[in-house]
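Visitor: Each chain, written out:
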Amino acid sequence: MLEKSDRRLRLKNVHGKSVCVVREVYRREDIPCQSEACIARCQNTTITSGPPTLLPKDITHYVIPDPQTAREYLEIFESHHIRGIIFTQTAAHSVQHDGSRRLHSRLKNLIKDRRRGSVIFHNEFQTYAYCEREPGEKLSHWHVRATYKTADWYFNHLAASIPIVMVTSDEQFIHDFGHKTPNLFVLTMRDYLEGFWAQLVPEIMELYQSLHDSSKNKTKDVCEYVGYLPADILAEGLKTGKYIQGFINVNKSNSLQEAFIRRAKKDLTEDSGSDILISGMVARNRAVHGDLVVMELLPRAQWQGRSTGIQNPGEKGSGDNANVSDMMPTGRVVGITQRNWREYVACFSQDEEVGRGDKKAGKLLVIPWDYRIPKIRISTRQVDALKDHRIIVRIDSWDIDSTYPNGHFVRSLGKIGDLEAEVAAILVENDIRVQSFSEAQLLEMPVDTPLSPWTMDSEEVTRRRDLRESHLIFSIDPKGCEDVDDTLSVRTLPNGNTELGVHIADVTYFVEPGSLTDQEAQSRSTTVYLADRRYDMLPGVLSANLCSLVSGVDRYAVSVIWELDRNYEVVDVWYGRTVIRSQYKLFYELAQAIHEGIVDAEVVRSIPELHNLWGTELDDKVQELRETVDRLMQVARGLKSRRVKGGALELESVEVQVQLSETKSIENLNPKQHLEVHDTIAECMIFANHWVAKKIAETFPNQSLLRHHPLPKEEQFTNLNNCAASRGFEIKTSTNKELAESLDRCVDSKDPVVNKILRSLATQAMSNAAYFCTGVLPRDQFFHYGLALDMYTHFTSPIRRYADVIVHRQLLEAVANEKKKTTLPSCTELESLSQHINTKHRASQYAQRESQELFQCLFFRGRGTEDDQCVVDAVIFQLRVNGVLVFVPRYGIKGPVYLRSKQGEVVHVGEDGAVEWTAGQVIKMTTHVMVDSVLGQQKYDLLDHITVKLSLQDSWAHASSLRLELVSNLPLKQQPANMETVAKQQKADIIQEVTSEAVEKRLQLESYDLGQNFPQLKQEYGQSKSSLYEMFSDLRTSALQPPTT
Amino acid sequence: MAGLELLSEQGFRIDGRKATELRRIQCRLGVFSQADGSAYIEQGNTKVLAAVYGPHEYSMATFSTGERKHRPRGDRKSKEMTMHLQQTFDAAILTSLHPRSQIDIFVEVLQSDGGNYCASVNAATLALIDAGIPMRDYVCACSASFVSDTPLVDISYLEETSGGAELIVATLPKSEQIVFLEMNARLHEDNLSPVLDLAVKGCKDIHDVLDQAVRDHVAEAAVVSGLE
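Listed in order, the protein sequences are those of chains A and B.
So the first sequence is numbered by this note's numbering: it starts at 4 and just counts up by one.
So the second sequence is numbered by this note's numbering: it starts at 363 and just counts up by one.
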């Protein structure tokens, strides 16, 4: 323990003023090299759970960047092609102190990612790799020398078995040492990339060039930005309350003028609103959407109001005073705590003159896809090639004298308007990475091919409870679903009690904690479903095969089995690993039909599992299935009524299914049907999740992963109350039970849409449900508001959600007999993990929504204005000073309808139904909007039905959107998507659907071209979400983005 | 100092130690000729001089910390430390053998780099032994902290000031009795026992070092006085 060497190091340190401190440094010989190729058997240790990251031994070289290179070209090293990077401790410190916090956290993420095989080497602690800074030596020179010493140490330590490349920008040093030792290279970044990577990854040179240019080019501009205050003054000001800190949120529809900062709770006083307005680019002072900024409140005399009109994103604010609300706190940015710059999708301006700023220097402005991001100035010489491409751009800096931020070009996504490029843009904007699974990850997977089929391990089977013979197990999923992760069983016990079982795919059996697959799944966190495709969290062999609980085969499962008495009280509960064999794989519509009593012949025809049976055996089976489905629905109803009594909310959504024709185009957008059996499955899943949450929270009070749903904010209910009041209803929002009950009462027998809209407005008012670690929050915040449960988690979909995988591990550890050393993540690890999962979930929901919008636009692209599918019924749900926001039940679209045009003319609908624009004004009241024109007055109430025409508003730089135009202030005569009639058609549809499946199969083609083989893609990817809860959170997401913002 | 990584991914602390390693301890007994007993100890960069006799006082030299400032002797901080030292040694010295007498311990911190109390206790123990005052056992003190779910032993000034919990414990190493325990900042109940265990283990390690120093000193004294 005490055999260490000890030398002192003098460091100069700045604490506001410069002082000289002495810090001791202990050096040792046993600092591990962390390489797989090590012959000295270094002991690798790590403080986190899981195996340590090692430098791989199967690569051509290790690269050691010097501190300056690491700082300037970290982005190149972030490219996933380059593996085996050794960052010296000196470089890591330099990135942290001379670079930025953000840069340092990017470096840390790079190291943390075990797939990258990159490490930090503690060269300053290693006796032989350390080099003392000589008196008077320049810091940069010492950095280079220390890096070389490390490179030299590695070279000798690994006995020259792997070439080492040191990258530096010090030409003199390269000249002196470059050829000293063979296989120990000292190169510049350019030479290194050209020599090693240019052949393999050509785009890396472009990235280098643009990084290099942007570090050289500083543009001079005239602008009135002021400098940021020094960090200590900001810290002081924050402490005394003079300044306010918060994330800046730019208003999407008025991005040049308005940005807001939400105050933290502790800063709230009674007379101040919660948001602070930052008006104009000068006051915003170079902050970009998402940055953590420090701001100063302006004196009350300079406060301004926010605009309340509807504006098209991207259009300039009109500056019209009539559109402005009451004064609100206004401030200006005085400092930036943290930049949250990411990769932005952008494109060059269509307008040649504007785009070419300064052609000689190769500098031009690009327009980001996200309206909230300002234009970015980049340097590139490839304008002509990239003119009509969507490209990725990163911001490097925003100098005080520059109107726009400087950035650099990263890579191209493809041509604008191309479906693949547009989808890629959605993915990048939401920070979702979807590279295919690597070779090494796939090697960890069990093999299941026709030649060597996967079989169960007989030893493993004996360790598990065998339910194959004893239970009738089946699954109910959307049609064509591949990754079946939940199955159910229900039966009556001899004592008259009911036994309900939920059996979930045992993913954790296949995915070891810390394995590469686990790492990958963790970084993805969720399967991403887009309108036409999906990106799996786990490799296909697991998600679609070995973990998928399809019928007729033996599968491992994790089961929760309850014994319920007649009142659905839980008598007993059992958790554990099981072996199951699902007997039927049903789909929702079929299960509902079985419940409603279709004839046996239809049942048999629809269920492939029954095709080989005849006679009485068949009758018995059908009878048994029918009884089981009925029993299940009965049990679920019982469970649900108990929960609803507790105050659970039922919320409404209109989901739209993209129906694509077999050739190319999108045939129709159909609202999805909601069946009782959906609720049944959702209820069973909620029940299982709840009981698992109870168990893990009890066993690991400090480190279990739960999901909570906090209370909604009272002020969010204003619009809901206004809407309800316009029809004479009252909404009570004090508790979830009262809210649920008052929503139930709001039923207008003549207008079924009213209840749906009110419920969806209630959903908008909800706060976010989120994962958290139990050690972090006080016990009384564990509750789930929407489901009215004291504890909730996610357990039932481990194939497509990483949170469930963790919960599985926790549950299995909780019920394990032998108490071995726990490998579960600790409280702090779990908390950061849950944050990560929350972010990823949100991102995937946004991406899903955006891709649905993309497809909506594609649907309307080909349609003329006369197409009757474009003229639809809409319901007003919110009022603005120049128009109304409407909801289109037919397509589930929300959007603005203008009653006053930009020219100031207002709309008037004449007796004959003709729409005229004339001079006049629009007056907004609490529950209606008055249009006062030369031709007369017209009134638009909340929840009024009007008729609108949908048309596509194409956009070059941004996502295309739909425009809604007023056609008539009366409801559309024949309502195309009347919910009731569609529901009645349902039964007939099922039979048709089952038969057409065979036809669809024949149409499957080999190519991957989207369009030609839509049937196949649809079958593969066209999943809906299985639980009510998902639907719920979806809706919440859509509510996050009201159409105008 | 924000964002300082106290414990690297591979488990190294800022000064290159691992979580369970003490700083280097160097000590000498009998550094003053006129005192009854005296000792000097270095724990890393914390350097403390202790002498046993005369009226008691505790103070810090004006030049001891990284930042030089005039520190009045007998300020609140010093008084508190004096009281802590007094309580610690009340428990360890067999006072019943010396009725109606007064034992005075002078402690001077020459350089401070974290763990002032611990070094003071360890120095005073050596000085008391040098003075030949009967004690139950050595009194050894050690600090510990808790960073990224890992307990750290014998924390330096940098680790002390970066906001984590600090646990200071003084023990009688043979019987593992705790004579003094202090805790700064908050620490979750569940984590207390690993941190305390590590601090107690640190005390035992310090004991080994001090014991060796005492034996060496006695052997040397024996040679000088010709007993051998």
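It is worth saying that the hints were derived from the structure and are not from the lab.
Where hints are given, some of them may not hold.
[What the hints assert, rightly or not] Quick list of the computed label-pair ranges, beta carbon to beta carbon:
id : chain 1 : residue 1 : chain 2 : residue 2 : range
1  : A       : Q202      : B       : D511      : 41 to 49 Å
2  : A       : S103      : B       : G525      : 41 to 49 Å
3  : B       : H550      : A       : P185      : 34 to 42 Å
4  : B       : K439      : A       : R265      : 40 to 48 Å
5  : B       : D511      : A       : N112      : 14 to 22 Å
6  : A       : T243      : B       : D570      : 22 to 30 Å
7  : A       : R265      : B       : H550      : 28 to 36 Å
All C-beta atoms in this analysis are idealised placements derived from N, C-alpha and C, irrespective of residue type, glycine included.
Visitor: Each hint should be assessed against the structure and marked as holding or not.
Guide: The hints, checked one at a time:
no.: 1; hint: A:Q202 <-> B:D511: 41 to 49 Å; in the structure: 45 Å, holds
no.: 2; hint: A:S103 <-> B:G525: 41 to 49 Å; in the structure: 22 Å, violated
no.: 3; hint: B:H550 <-> A:P185: 34 to 42 Å; in the structure: 55 Å, violated
no.: 4; hint: B:K439 <-> A:R265: 40 to 48 Å; in the structure: 42 Å, holds
no.: 5; hint: B:D511 <-> A:N112: 14 to 22 Å; in the structure: 19 Å, holds
no.: 6; hint: A:T243 <-> B:D570: 22 to 30 Å; in the structure: 51 Å, violated
no.: 7; hint: A:R265 <-> B:H550: 28 to 36 Å; in the structure: 30 Å, holds
Consistency with the previously given hints fails for numbers 2, 3 and 6, ordered from lowest to highest.
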